[in-house]
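Novice: Here the structure of chain A is known, so what remains is to put chain B in place on it, guided by the hints.
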Amino acid sequence: MLNDFLLLMKSELVLAFILFLLLILKVGKEIRNERLLALIQILLLGNFIFGFFFIESGSLFGGMFATNGLIAFQKSIIGLGIYLISLLFSDWLKKSEHLPEFFILLLSAVLGMFFLISSGNLLMFYLSLELATIPVAAMANFDLDKKISSEASMKMILSSALSSGVLLFGISLIYGVTGTMSFDQIAALLDGSSLQILAFVFLFTAFAFKLSIVPFHLWTADVYEGAPIAVTSFLSVISKGTIAFILLTILYKVFAPMYALWYNMVMLLSVITMVVGNLFALRQQNIKRFLAFSSIAQVGFILLGISSYSNEGTSSVVYFVLIYVFSNLAAFGVAGAISQAAGKERIEDYKGLYQTNPFISWVLALSLFSLAGIPPTAGFFGKLFLITAGASKGNYFFIAVAALNMIISLYYYLRIVRAVFMDKNDQPIAKINLDPSTKLGMIICTAGIILIGLLSWVYDYITTLSI
Amino acid sequence: MNLTLLILLPLLTAVVILLMRSSVQVKWSALIGASAQFILALILFFTFRKERALGNASQMLFEIQYKWFPSWHISFHLGVDGISVAMILLTAFVVIAGVLVSWNVEKMTKEFYLLLILLSLGAYGFFISLDLFILFFFLEIAVIPKYLLIGIWGSGKKEYAANKLALMLMGGSALVLVGLLGLYFGGNENTFDLLLLSKMKIPIMVQKICFPLLFVGFGVFTALFPFHTWVPDGHSSAPTAGSMFLAGISMKLGGYGCLRVATYLMPEGAREYANIIIVLSTIAILYGAFATMMQKDLKYINAYSSVSHCGFVLLGIGMLTKTAIAGAVMQMVSHGLMTALFFAVIGMIYERTHTREVNEMGGLIKVMPFITTVLFIVGLCSLGLPGLSGFVAEMTVFMGSWQNPDPFHRVATIAACMSIVVTAVYILRAIGQTAMGPINDRYLSLQDAKWNEKLAAIILIAGIIAIGIAPFWLNDLVTPAAEVIMQKVAGK
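One line per chain: the protein sequences are A and B, in this order. Heads up: the first sequence begins at 27 in my numbering, then just goes up one per residue. Heads up: the second sequence begins at -4 in my numbering, then just goes up one per residue.
Think of the hints as simulated: they come from the structure by calculation, not from any bench. Keep in mind that the hints are not guaranteed to be accurate.
[Unchecked claim] Calculated cross-link-like contacts (lysine-lysine; reagent style PhoX-like; alpha-carbon spacing at most 20 Å):
{"no.": "1", "chain 1": "B", "residue 1": "Lys361", "chain 2": "B", "residue 2": "Lys445"}
{"no.": "2", "chain 1": "A", "residue 1": "Lys173", "chain 2": "A", "residue 2": "Lys121"}
{"no.": "3", "chain 1": "B", "residue 1": "Lys361", "chain 2": "A", "residue 2": "Lys450"}
{"no.": "4", "chain 1": "A", "residue 1": "Lys121", "chain 2": "A", "residue 2": "Lys55"}
{"no.": "5", "chain 1": "B", "residue 1": "Lys152", "chain 2": "A", "residue 2": "Lys450"}
As the structure is a prediction and not an experimental result, all values here were calculated from the model.
Chain A with its partners taken away, still in its complex shape (with noise of 0.2 Å):
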């Protein structure tokens, strides 16, 4: 039994290990940042190489925890993320004043994640998505002296209380109707009743508040903006990947006997928030808000691969999430450096770029171009995948639209290419002396966009996974 819990949890024990760790040298005796941060760095390097390790698959608690090999592939994602947070603005972090508590709380929010991903359980559902999002919330206050990041953080607070609530309010219809709260007798017992149906809608509205879908987005660009580009990283792609993640298997598993139902609504939903993503995402100035609208059209794509319904659906929408990983981290990654050394967020204060840094503006123009599905980035194998699992049910003139949306996520993406490349300007941003830490991000997230699509092994062992 031990041995059991042991094997299974080892990825939150070890995150809990290192909460309580960081907890400990912060009561102790005060460190440098700079030394805090490369142990941090170090430990969630050793996170991540140790998700790969003692996979087990199994269940705890009477199904309340569940883990296997897909499930330890996607911890791993998220392991990967936080690395390359901790990495890639390391600059932001060293002038920190309170850097052990940033981590603590990403931590939790981590740990709340993991928990998440495995839930087995409505009720062990909603306890981790809160404890995965309460610190986030605490997180993007971090900007302690500017009053937009208060702002944010309250917005936070506000929608995902109120998108909690109304999870509870689905959970409790669903426990009315089935008796049970666990997903496996769940989904034995939905028949498509209406008050199923009704309960159904107040769960999967709660998951379109957390991954901003259309409508629910509204809270998104206030909170990517006025939060510290390091935490509108975190929320835009650990918890979006997280959300998506569990919005699979809460599809797949528990509503499969819906399926009809669900599939136009996803559908109708992706093609949506892909539409109303891209043509907000086109007037943007801010950087963060450019990003927050265009992360708001790749959950489009998400859904339509979730849409899809079939192994090749969940093992599209993991690849994705992994690349999303790589592309979006390094988007918010030369963001932050650029805001770090310049104080500057504005899409036009990019012009000349490639003048005084032409690393950073290459590292720019590739995740865009992975963001916007371009070959040979690996964007592109992600969203074609997901096009073709969502193509798989025949529907080609959604498919058609999402194709039509590719062109207008160019159009957006180009913009800030020509602003770096082409656009002359008299003051361009000074060259940025990048911290060795910050330059390793990048490079790994540039290798991770060039090589994760042209190396076909690793898809295929998502899909191993998946079956």
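Specialist: Showing chain B alone in chain A's frame:
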């Protein structure tokens, strides 16, 4: 011969260019890489001929298949037939000429050559892939280098032109994508493999929906009317080598795709929509020719005439006879060489006179005899003088078109023929005004072509004359492959 070399060689060149420090090193490594490609393409051509002469009659030669994303039934499947070999030869000619012509680029030399080489990588990959997924992959690889080439090194309304080109081409590939997915799920087995799909019976309904998607999607690349609007802006704003690649290689990707993917895989769809293709391509031929008459800028003249000339490619495909399809391929090769040379000459003139307005030039033959001679050759090729490649290719298309006995095809053929007269008018006028007449005093001190420009022009002229004087080798190369396509279209 291993076809992956055609992809690995540009890749290696790109890596070497990245490692180089000074711009001289970059230029020479690009030139060496392009020459190696050229030699490789020639080797491919001769080994292909040898194999065929030895009686190897399989549809595709030098096939290779590697596993790549097996769960989506994708494989890295390469192979060539006569049409692909012709296109690869064309690409190799244009690439080496483009590298030579850009010898004077001093702004971000490394990036410039890197993008040129990446573009050639996309083109080679596209022409040798036998799997629709990697075909699409290489098609899209070539879009962004074009965007950056125009936007960074271009002139005039370059940002506008670059954006328009990238978005229209991406729009085209979005249509291609939907069409490909239709093929993938429409057949009785999910596959992207071209040869497997060609043996499959694809339902008529799927063909009726997917054929226009694929044909129009690829058609955007090859200036199908009314999706040709990116051509004049893109070509005229691009730097010299950019225009050469754009018109010489990139527009041919579309024609090849229309033929190899749309027409070959969906014969019923092709027969269904053939008349619409003919109407659109005839409009493009005539409209392009008349629009050229109005142009004063040399690059615009060649850009609009490219619309007209590429119309012949689509006309040949739409006519659905063996000769016409072979003619379409020959027109692709001929137009690729000719238009690349034309843009190269325009670039040389512009570098010296700093204007492209025909009215402001005159008498250039007195100061730059070599360049103006090349201009004469390319102009005559464009208007279809016998002995040069343009005549051979257009003649084959017309002969193929005339094989259809009904009035509709005859009328379209005659209408298309008329464009030749218009072509003669605008070409002779343009080169007459540029080369002949009194010379402006400003131009008296101008120099003639340098070694790199001479070499580039000679290489392309060699190709044009080789096709013009002895068209048999190209015809022998292309016709058997065209016959395979026609057999499928005729339903035998």
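Novice: Confirm or reject each hint.
Specialist: Taking the hints in turn, this is what the structure says about them:
{"no.": "1", "hint": "B:Lys361 - B:Lys445", "in the structure": "holds, 16 Å"}
{"no.": "2", "hint": "A:Lys173 - A:Lys121", "in the structure": "holds, 19 Å"}
{"no.": "3", "hint": "B:Lys361 - A:Lys450", "in the structure": "violated, 39 Å"}
{"no.": "4", "hint": "A:Lys121 - A:Lys55", "in the structure": "holds, 18 Å"}
{"no.": "5", "hint": "B:Lys152 - A:Lys450", "in the structure": "holds, 14 Å"}
Hint 3 alone, counting from the list given before, is not met by this structure.
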